[in-house]
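Q: So the protein lines, in turn, are chains A and B. The first sequence: position 242 = 584 (our numbering), numbered continuously. The second sequence: position 263 = 605 (our numbering), numbered continuously.
Honestly, the hints are just simulated from the structure, not real lab data. None of these values were measured; they are calculated from a predicted model. One should not assume that every hint holds.
Note that the list lumps identical chains together, so a pair holds whenever it fits in one copy or between two copies.
[Unchecked claim] List of simulated lysine to any residue pairs, SDA-like, C-alpha gap at most 20 angstroms:
hint, residue 1, residue 2
1, Lys-452, Phe-507
2, Lys-456, Asp-576
3, Lys-597, Thr-665
4, Lys-514, Phe-461
5, Lys-456, Phe-507
6, Lys-452, Pro-505
7, Lys-506, Asp-355
8, Lys-637, Leu-382
9, Lys-506, Phe-461
10, Lys-501, Phe-552
11, Lys-637, Ala-387
12, Lys-452, Gly-577
13, Lys-506, Arg-457
14, Lys-452, Gly-566
15, Lys-506, Tyr-459
2 protein chains.
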Amino acid sequence: MNYSKQDLLALNDFYSSQLLNDTVPFWFPRSYDHEYGGFLLMRDADGSLLDDDKAVWIQGRATWLLSTLYNTVEQKPEWLEGAKLGYEFLNSHCFDSDGRMFFHVTREGKPLRKRRYYFSETFYVIAAAAYAKASGDAEAAANARRVFGDCLAYASGEKRLEPKFTDTRPAKGIGVPMIMLNTAQQLRDTIGDERCDEWITKWIEEIETFFVKDDIRCVMEQVGPDGSIINHIDGRTLNPGHAIEGAWFILHEAKYRNNDPHLVDLGCRMLDYMWERGWDKEFGGILYFRDVYNKPVQEYWQDMKFWWPHNETIIATLLAYLTTGNEKYAQWHRMVHDWAYRHFHDPHRGEWFGYLHQDGRLAQTAKGNLFKGPFHLPRQEWYCAKILSEHFSVNQGSGSTHAAHV
Amino acid sequence: MNYSKQDLLALNDFYSSQLLNDTVPFWFPRSYDHEYGGFLLMRDADGSLLDDDKAVWIQGRATWLLSTLYNTVEQKPEWLEGAKLGYEFLNSHCFDSDGRMFFHVTREGKPLRKRRYYFSETFYVIAAAAYAKASGDAEAAANARRVFGDCLAYASGEKRLEPKFTDTRPAKGIGVPMIMLNTAQQLRDTIGDERCDEWITKWIEEIETFFVKDDIRCVMEQVGPDGSIINHIDGRTLNPGHAIEGAWFILHEAKYRNNDPHLVDLGCRMLDYMWERGWDKEFGGILYFRDVYNKPVQEYWQDMKFWWPHNETIIATLLAYLTTGNEKYAQWHRMVHDWAYRHFHDPHRGEWFGYLHQDGRLAQTAKGNLFKGPFHLPRQEWYCAKILSEHFSVNQGSGSTHAAHV
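Input sequences plus hints: build the corresponding full structure.
A: Here it is as structure tokens:
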């Protein structure tokens with residue numbers, strides 16, 4: 343069944359209201375750490391603190407969220423104040439002397455762990471860029487651009503990071519072009535950077551050329567240097583929610599380029615392939631890992647339902663629907679939206695649980711930990727409200743008030 | 343209900359028969375890689391090969407198993423031939439030029455990944471020692487002793503390995519004294535080494551002094567340098583099956599020392615504490631992770647049932663029963679044995695599945711992968727049959743035939 347205009351207006355209100363009345367208030371302002379800076383985000387279902395350590399990814403993501411709310415929803419001083427706490431903590435405590443960032447620090451900002459990946463850096467870029475726009479701080483903009491340059495050097499191999507594997511079996515992951523694509527899109531949307539468009543085009547080509555397999559209707563998570571499937575356990579492992587996140591980054595780019603038909607087609611193909619492989623026909627929801635040839639995967643928790651693949655799939659199906667009007671996407675959006683809000687959402691205390699068993703039973707109660715924080719859910723609610731508002735303002739010429747209230 | 347002599351005889355026959363007619367034939371001889379050496383062990387439920395890569399831990403463990411069967415069950419040429427394949431592959435392909443070992447290599451033996459831990463090395467020590475005893479190869483004995491010396495240097499900090507964490511929050515894990523304790527016990531039981539007794543005593547003291555918490559009835563997985571509980575998510579995480587494995591290593595030492603009462607008490611306390619925390623009163627089986635204060639843990643799959651904690655708990659409860667005669671341990675043994683063989687065992691195709699959901703439903707079908715292979719299950723069946731046989735030969739003076747058939 344297609345979505346009516348009423349349905350879409352109701353969805354816009356729903357996402358907007360969930361974001362501002364349920365999700366954001368779970369986290370803020372109580373998580374502001376006025377004593378040491380940054381945020382205290384590792385919280386149990388009732389909001390009680392599980393751990394006062396700080397995960398650098400999540401500090402960056404929370405800074406991005408508060409800045410983005412300030413930039414696009416309302417110029418609340420409380421949000422700018424929080425963004426400043428996060429941005430300054432990142433600057434003061436999360437960089438090592440070699441310019442790389444840590445992964446995990448204490449409440450006071452002492453380093454606990456540094457990893458071989460540069461995701462801390464990419465989240466810093468989107469945080470600093472959004473904060474620069476919110477605050478007008480020129481140094482924050484310069485920092486965002488500088489660290490983006492570092493990320494470009496890591497991504498291109500110009501600066502080499504310590505490898506986890508030997509050179510025996512070279513492989514490349516979809517994670518790098520995906521995170522860099524989104525980082526560049528965020529940078530472009532906030533403070534702009536002349537490098538972005540060219541790189542965005544390159545990373546999309548990289549994804550399409552090497553990772554999207556039309557013959558077997560699949561988006562690979564990793565491949566050999568020539569795009570070949572690596573027929574070993576790790577090489578065969580698919581992450582449907584992750585590939586679907588990549589699909590909406592590309593649909594977002596299609597929208598930015600006036601519905602570029604090639605990109606619309608590419609994003610929809612990626613969504614189609616990975617919906618087919620990821621949607622759990624038995625219990626509903628998106629399965630975490632699948633094997634490309636349906637063999638057992640290494641990770642034992644492969645059939646669990648995690649919160650974030652559902653956030654990505656809600657965005658991707660809604661954006662595909664608004665872009666194409668294809669009823670199939672309305673149906674898929676309704677399925678994943680209904681399953682996710684029924685099983686993950688905690689209506690009593692706000693926000694979502696993170697980890698369910700395959701059948702939707704709660705596996706554990708944490709709402710914030712080293713990997714979960716105020717990011718995927720609020721980003722989904724914010725982004726869905728935004729594209730619905732834009733849809734009305736473009737298509738019906740009547741939606742500008744919606745754009746204003748999210 | 344206590345175990346009768348008939349019950350124990352039946353258990354002896356059961357473990358012995360499972361080992362020789364069900365578990366070992368699943369793996370061997372079909373996994374011998376006559377072309378490249380070593381073993382092809384990553385297998386699905388029906389024995390079909392999932393991946394021809396070789397996990398170094400498992401190559402060592404399989405070599406240990408085949409050598410041990412040859413040393414203690416029957417001098418089958420087929421087992422010695424397999425042990426030789428494994429031992430020679432380890433020597434030819436699994437050492438890096440710095441003397442450290444790899445974690446994961448290709449079928450041909452090209453290195454894929456090296457890790458910061460020295461578990462590959464400890465499994466090499468028990469493999470080479472058992473193979474030396476089986477083959478009479480003096481060089482294998484010298485290699486076992488040399489690599490054991492390297493492990494001692496890593497364990498004591500004399501040789502420093504690249505750390506995963508900074509020095510901000512020093513911690514030590516129970517894994518090091520546990521694996522070293524068992525490695526030394528194996529070395530002593532096969533080829534002997536004068537360093538073993540002293541170190542075994544030290545590692546048991548280390549476990550008792552720093553990790554066993556009588557006041558809260560708990561065995562910690564990691565602690566601060568002074569034994570304090572690190573009140574952060576990782577520091578609070580318990581691994582009941584692992585601590586129970588440590589309990590039987592200590593009960594094994596108690597048995598070796600003529601039922602040393604202090605060690606019997608220590609091993610039983612560890613088992614008691616972690617049975618209370620690990621046994622799932624709702625569904626049965628041993629839960630994978632718990633938080634010391636019952637908070638949510640970081641790992642989302644914390645309530646899954648893995649095969650190996652059940653193998654360790656079957657051993658620990660049986661050994662505790664045979665050592666103390668305490669009916670409680672007979673009851674626990676019956677509970678964990680029945681639950682495990684009912685849920686993990688594949689009666690049609692042999693061996694056990696590795697990964698179940700909390701309720702005992704199968705999560706995935708692999709019987710061999712990077713972490714599972716012919717080790718915990720056959721070790722459990724072999725060791726349980728062995729201690730039952732010894733029990734009869736000591737207590738009833740009638741069990742020597744049992745000792746012979748396993």
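Q: Does each hint hold? Answer for all of them.
A: Now for the hints, and whether the structure bears them out:
When the C-alpha separation of Lys-452 and Phe-507 is checked against a cutoff of 20 angstroms, the pair qualifies only between copies, where the shortest distance is 12 angstroms, while the shortest distance within a copy is 28 angstroms. Taking identical chains as interchangeable, the C-alpha atoms of Lys-456 and Asp-576 lie at most 20 angstroms apart only when they sit on different chains, with a minimum of 16 angstroms there against 24 angstroms within one chain. Proximity of Lys-597 and Thr-665 under a CA criterion of 20 angstroms is satisfied intra-copy only: 8 angstroms inside one chain copy versus 72 angstroms between copies. Taking the closest pair of Cα atoms, Lys-514 and Phe-461 come within 20 angstroms of each other only inside a single copy of the chain (16 angstroms); across copies the shortest separation is 28 angstroms, beyond that limit.
Within a single copy, Lys-456 and Phe-507 get their C-alpha atoms as close as 17 angstroms, and across copies as close as 7 angstroms, so both meet the 20 angstroms cut-off. In this assembly of identical chains, Lys-452 and Pro-505 lie within 20 angstroms of each other by CA distance solely across copies; the values are 16 angstroms between and 25 angstroms within a copy. In this assembly of identical chains, the alpha carbons of Lys-506 and Asp-355 never lie at most 20 angstroms apart, being 46 angstroms within a copy and 46 angstroms across copies at closest. Taking the shortest alpha-carbon separations for Lys-637 and Leu-382, only the inter-copy value of 17 angstroms comes in at or below 20 angstroms, while the best intra-copy value is 41 angstroms.
In the homo-oligomer, the alpha carbons of Lys-506 and Phe-461 lie at most 20 angstroms apart both inside one protomer (15 angstroms) and across protomers (17 angstroms), since each shortest distance falls under that limit. With identical chains, the CA atoms of Lys-501 and Phe-552 are never at most 20 angstroms apart, being 22 angstroms at best within one copy and 43 angstroms at best between copies. When the C-alpha separation of Lys-637 and Ala-387 is checked against a cutoff of 20 angstroms, the pair qualifies only between copies, where the shortest distance is 11 angstroms, while the shortest distance within a copy is 35 angstroms. Taking the shortest Cα distances, Lys-452 and Gly-577 sit within 20 angstroms of each other only across copies (17 angstroms), while inside one copy they are farther apart (36 angstroms).
In this assembly of identical chains, the alpha carbons of Lys-506 and Arg-457 lie at most 20 angstroms apart whether taken from the same copy (10 angstroms) or from different copies (8 angstroms). Taking identical chains as interchangeable, the C-alpha atoms of Lys-452 and Gly-566 lie at most 20 angstroms apart only when they sit on different chains, with a minimum of 17 angstroms there against 38 angstroms within one chain. Proximity of Lys-506 and Tyr-459 under a CA criterion of 20 angstroms is satisfied in both settings, with 10 angstroms inside one chain copy and 14 angstroms between copies.
Violated hints for the displayed structure, listed by number in ascending order: 7, 10.
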